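First residue of the sequence shown? That's 7 in this note's numbering, and the numbers climb one at a time after it.
Simulated from the structure, these hints should not be mistaken for lab results.
Given the structure is predicted, the values throughout are model-derived calculations rather than measurements.
Don't take each hint at face value.
[Said to hold, decoys possible] When the alpha-carbon atoms are kept at most 20 Å apart in a straight line, the in silico EDC-like pairs for lysine to aspartate or glutamate are as follows:
hint, residue 1, residue 2
1, K124, D45
2, K124, E58
3, K124, D55
4, K124, D51
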Amino acid sequence: FERAFGEWNVKNRWWIIFATILILAVAASGVRFLTINNDFRRYFDQCGDAREAVRLTLMTSGRAMFFTTVILGAGFFILLFAELSSTVNFGIITGFTICMVLLADFLLAPAMMVLLTKNKTMF
7 FERAFGEWNV KNRWWIIFAT ILILAVAASG VRFLTINNDF RRYFDQCGDA REAVRLTLMT
67 SGRAMFFTTV ILGAGFFILL FAELSSTVNF GIITGFTICM VLLADFLLAP AMMVLLTKNK
127 TMF
């Protein structure tokens, strides 16, 4: 078993690194969602309208999320200029995944917040 796992580990080391970074990106997304949720609650309590609260939240927290993701994604997309093909592939996959996490944060989180507050009660 150890030998088989060791051989698999050597062959798939880039996928292991990618999976680790993907887990970190999802965890960071969860932290961003909690920040958005906190801001959303504050704005929802002020105005009482879920759509307006989402708009205000994205104007404040969303801006920081966008620039953080652009910088992080650019750091991985820089790997496109590497000479080693596996490093290039790693940069493409990781950068693309980070951008997709941001897209999910901008599309899914606000939609869930509006759906969960239809009857003006907070979750």
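May I ask which of the numbered hints given earlier this structure violates, with the numbers listed in increasing order?
none
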